[in-house]
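Q: The primary structure of each chain is shown beneath.
2 protein chains.
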Amino acid sequence: MSELSRITETPVPTVKYYLREGLLPPGRRTSPNQAQYDDEHVRRIRLIRALLGPGGLDVATAREVIAAIDSDLPLPHVFGVAQRAASVRVDDRAVDAAALERVDALLDGFAIHPENPGRIAAAAVLEAFDAVGQRNADDWSRRYVEAALIVAEADLDTVERRVTRDEKAETVVVGTALGDALFAALRRAAQEHVSTTRYEPERADEIRRARSTP
Amino acid sequence: MSELSRITETPVPTVKYYLREGLLPPGRRTSPNQAQYDDEHVRRIRLIRALLGPGGLDVATAREVIAAIDSDLPLPHVFGVAQRAASVRVDDRAVDAAALERVDALLDGFAIHPENPGRIAAAAVLEAFDAVGQRNADDWSRRYVEAALIVAEADLDTVERRVTRDEKAETVVVGTALGDALFAALRRAAQEHVSTTRYEPERADEIRRARSTP
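Residue numbers (our numbering), protein chains in the order written: chain W, 1 to 214; chain Z, 1 to 214.
Just chain W, same shape as in the assembly (with noise of 0.2 Å):
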């Protein structure tokens, strides 16, 4: 236990902890006070840590997700679980049926179902964004289409690369969990390029030099 706490860099009372939560499997016990871990089990508390950390899963939801790597589940049910989880925080139980429309005219051509978590939560999130009075929502939401599409096909082609189909629905959960907040991460990153480059042209070098030089 303290060695794999070490090895993890994890303290021993937060082992113990994923331990009675259920993330991680008990150790092989070899005495009463003695149990013994392998690099399975250091493996296990990395994702533990990766998806309570950044990818801001709840401890329910993380067990909930290891379970289904855990699983013989096929992949794309894995992807559902992982969609599911890793979900937006919209309320989408009263989304209504104008909002779901213009979603379905923005993914007009999208093989997906509708009960697609995704479908419902942009329904949500577009009828918020009417509600505040903001206009030309239909541009904007086009263009997130567009970029969705390229980050959604540098997921798969991550899975992919994998060999097993463990390691594949390991991808598949932490890239899920991982990958919204990486986006929203290199989006702000952006914000501040874009916005400098065309309200403060003449400042951008010098921002530029303030980073490349420590």
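Hints are computed from structural coordinates only; laboratory data are not their basis. Be aware that one or more of the hints could be misleading.
When chains are identical, the list treats them as one kind, so a pair holds in a single copy or across two.
Said to hold, decoys possible - Below, computed lysine to aspartate or glutamate pairings styled on DMTMM-like, alpha-carbon distance capped at 20 Å:
#, residue 1, residue 2
1, Lys16, Glu64
2, Lys168, Asp139
3, Lys16, Asp39
4, Lys16, Glu3
5, Lys168, Glu64
6, Lys168, Asp138
7, Lys168, Glu200
8, Lys16, Asp38
9, Lys168, Asp39
10, Lys168, Asp70
Remember, it's a predicted structure, so these values are computed and weren't measured experimentally.
Following the hints, put chain Z in place on chain W, whose structure we already have.
A: Just chain Z now, with coordinates in the frame of chain W:
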């Protein structure tokens, strides 16, 4: 108050809560038990609901970005406040130098300050991705950068279309907070679409039909 509640479809206790939390400015008092509210209050309640709902902000953060709208801060500052507020939930306290270098290579030529919240959060995500043994993260994240630029251009264009400083400031705040949710939603739709057309092309048409014939 009851009319304000009716028009905005927001329960009276919720409106009172917004007042108490300083999210909504008080109405003009017309008698000890009466206050007058106007269109600005209607607009503000819709904004609060968008930020706390799909925007995913907590009350303190929503208060902060609303204060930025109401201030006379120049637009780039409002952008900064919104970026930090609607921020990526990533623990970036211990991001190591190597991860920051990777992000800087990824964002080569970007005119961003070293303390851009997205730069640091992206480093934290790449670090987490590495820790779980994912390879090829560089190709993956390069394509994310490409997509983030498309989205950032769309974001800035949407702000430019608004006329007054206050409208622009509101769009900055709403767009930053809701844009993350919109993108995450569309990414899920795009993932299902790309996955179906790649792996089950023979089912794609049937799935498309299910959505177009409600």
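Q: Hint by hint, say whether it matches the structure.
A: Now for the hints, and whether the structure bears them out:
no. : hint            : in the structure
1   : Lys16 x Glu64   : within (19 Å within a copy, 38 Å between copies)
2   : Lys168 x Asp139 : between (35 Å within a copy, 17 Å between copies)
3   : Lys16 x Asp39   : within (17 Å within a copy, 55 Å between copies)
4   : Lys16 x Glu3    : within (13 Å within a copy, 54 Å between copies)
5   : Lys168 x Glu64  : within (17 Å within a copy, 41 Å between copies)
6   : Lys168 x Asp138 : between (35 Å within a copy, 18 Å between copies)
7   : Lys168 x Glu200 : between (44 Å within a copy, 17 Å between copies)
8   : Lys16 x Asp38   : within (16 Å within a copy, 56 Å between copies)
9   : Lys168 x Asp39  : within (18 Å within a copy, 53 Å between copies)
10  : Lys168 x Asp70  : within (12 Å within a copy, 48 Å between copies)
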